[in-house]
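Listed here are the chains, written in short residue letters.
Protein chains: 2
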Amino acid sequence: MVGGGFAGIAAARALRHADVDVVLVDRRNHHIFQPLLYQVATAVLSPAEIAAPIRQLEAKQRNLNVLLAEVTDVDIASRSIEASFPGVGDRKIAYDYLVVATGMRPSYFGHDEFAQHAPGLKSLSDAETIRGKILAAFELAEATEDDGERARQMTFVLVGAGPSGVELAASLAQMVRGTLRGNFRRIDPARASIVLLDAGKRVLPTFAESLSRRVTRRLTKLGVKVLTGAKVETVDAQGVVAGGSRIPSATVLWTAGVAASPIPKMLGTNTDRAGRALVDPFLKVVDAPGVFVVGDAASVMQDKHPVPGVAQAAIQEGQYVGRLIAKELKGRKVKRPFRYFDKGNMAVVGKNYAVLERGWLRTSGFLTWLVWAFVHILALPQLQNRLRVQRQWLWSYFTGQRSSRLIPEPPREADPDLTAERPLVP
Amino acid sequence: MVGGGFAGIAAARALRHADVDVVLVDRRNHHIFQPLLYQVATAVLSPAEIAAPIRQLEAKQRNLNVLLAEVTDVDIASRSIEASFPGVGDRKIAYDYLVVATGMRPSYFGHDEFAQHAPGLKSLSDAETIRGKILAAFELAEATEDDGERARQMTFVLVGAGPSGVELAASLAQMVRGTLRGNFRRIDPARASIVLLDAGKRVLPTFAESLSRRVTRRLTKLGVKVLTGAKVETVDAQGVVAGGSRIPSATVLWTAGVAASPIPKMLGTNTDRAGRALVDPFLKVVDAPGVFVVGDAASVMQDKHPVPGVAQAAIQEGQYVGRLIAKELKGRKVKRPFRYFDKGNMAVVGKNYAVLERGWLRTSGFLTWLVWAFVHILALPQLQNRLRVQRQWLWSYFTGQRSSRLIPEPPREADPDLTAERPLVP
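As you go down the protein sequences, you meet chains W and A in turn. Mapping the first sequence onto my numbering, position 32 (from 1) lands on 1089, and the numbers just tick up by one. Mapping the second sequence onto my numbering, position 100 (from 1) lands on 1157, and the numbers just tick up by one.
Simulated from the structure, these hints should not be mistaken for lab results. For clarity, every value in this text was computed on a predicted model and none was experimentally measured.
Given that identical chains are not distinguished, each listed pair holds provided it fits within a single copy or across any two copies.
Computed cross-link-like contacts, DSS-like style, restricted to lysine-lysine with a CA-CA straight-line distance of at most 27 Å:
(1) K1149 with K1190
(2) K1278 with K1190
(3) K1117 with K1190
(4) K1117 with K1408
With the sequences and hints as input, model every part of the structure.
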């Protein structure tokens, strides 16, 4: 198992009764509940509230060994991976079966120079970076004497109107109008401008058109300016250029694209444009015996449509492969290919409003939002996270306050009288 | 007001009804509840749980303006300070009264080269650094094949047996024996060695000798090795040399010394060896009209003893100066010098045990621990923090689990096929 996200954890769990040594390698010590990452970025939740140490999650699975290491190479021929243990060194690990579940990272469609100005949102440190940028922008707007600069600091541009972009924009809109009210003396945070850009024709393109229209209306009501059909040409230190015109902005956030981590490419198989491995209907990699790819790192086709890169698909794929391996180990052959069962697709647009699509069913509004909240609380790993997130939501719902308004502290400047050659704090 | 710690906030609040513009400058956007910082370092609490945005704390005080900036110079002659606003530039701010409340930072007694190997504990980022180091040590111990290296990773040395050192050591001891149990496959975290070093004769030197003895016994029972009379000679990448012998350790934590920030020195007045400003009985700086120093940054003598650097002293000093300024503004003269009222001194030694000294009263044990917990919950800023910390404590008390076992994620390695000149994430 490489990767401790939804797919990797599901695969490891499915092997808990198998007579096998399971090794789960991840570069992080924690599993992240990705669907709520945007709430860490907007200071509603603390990082630890949507994360769980992988070791603790799986402490009771005695056949599982969790390793904190980064996979640097895969050798299909000798059936081994090369893992780099930070501070310890590199080591080869042999496998009989390899499950790659390494997920996605932000991607800038070949414009990697955008990255430094427009962080993406895939990890806890991404979320903390975004949170710090948003909060610092208001501090800078309060501090500056320059009108143009103040306007630039109070303009937030979100590139990409998929679920992440929509959820971030709505959460940010409610923060500036609620949470920050009365906190500043010279600026009015409620006058911040929040722009949601997308090159496509509508927001939430994976949902039905009628839901897109409803979400656009809701976003507009919350004060978000929705600009569709606007292709981003440049992102630089001053802002963005989109659809031919420049929007000066100090905070540009990127949710437009993701690409697979480099690992699927190491398998020597075909990958799609986003770097995802093409797998057969059993999620196996052709020509690489014993190798599977699951979750966002895999490109799985079903009924001529790609299986979407969502948590429930990742979990189902992980479970499928775990069970398949368990059966093969018992000498049985699995004949049924993987089949994704779509439990429904949801997106939340601020307080009291969510949209849901499931087959022919399309709902939106307050009740859908309650369902969204309920489903997400239940899906969190560990009872403690469920209780904590639930309480934070209740608190923030009724008070408008957000619990994690922390800007990272600047490093200490060394006292000139005390300075040695090295900095006071490394 | 320079500094948004206990003293600075208390001074600002004491001026809330005064007809005056109060400006509070801090380099952080958040106030930290320092007495529980050690629990962030040992993963019991999340950073946000002991922090509160200064703006939000004081949102209702309309005569207060909070600025996120670092003070770089003080000009006594022109009655102004120079503040550096990150990302905006420097600005002079004129004052009628200046209250310096800039607190302390870790100090290495002239051995600044120790800093990179032995982080101190004064800020949230310090606490997160320590938490990451402790958790990573167990990962490295699990990963290494070398017996000597494994022992070194599982040895934790805490330098300084004041309250911070004692509290950290006890909390760490309970983490290795409780929280981490069953999480590893090759190592047994309970066999970690925790060494508390101090050059002095006993732990908690500011408490009565009988309490020091009881605390030493308690620490020993928890599995902490207490070494007093052991002067640290070297701290390097391999461990420490103390009392002539080397202790190999991958995690050395420093709570032995603190020194004032550089600001008191800028006042042109005398400072003590730790860089604290010497003030008169009214907490004024001699020869600097309108300038006060409060909290840990001030060296205040009372009955020939220094007022201790604890939260309650900082709060009392801040309040005193705020009230004094309010009276002077009304044309009244304050005749009564500052007087510290000692409400009692406490330290906690893990679960169920604390010590308390107040005048002739000395207590220890479970009831004292309950008092400690109660007092600290009540003292937290903001109702929400009180509720959150209380719930974390209850959870962790009954389950042994800790909520924030996060090791910071390593930066993403750029995909060689995608790499531009700049890194993928800045």
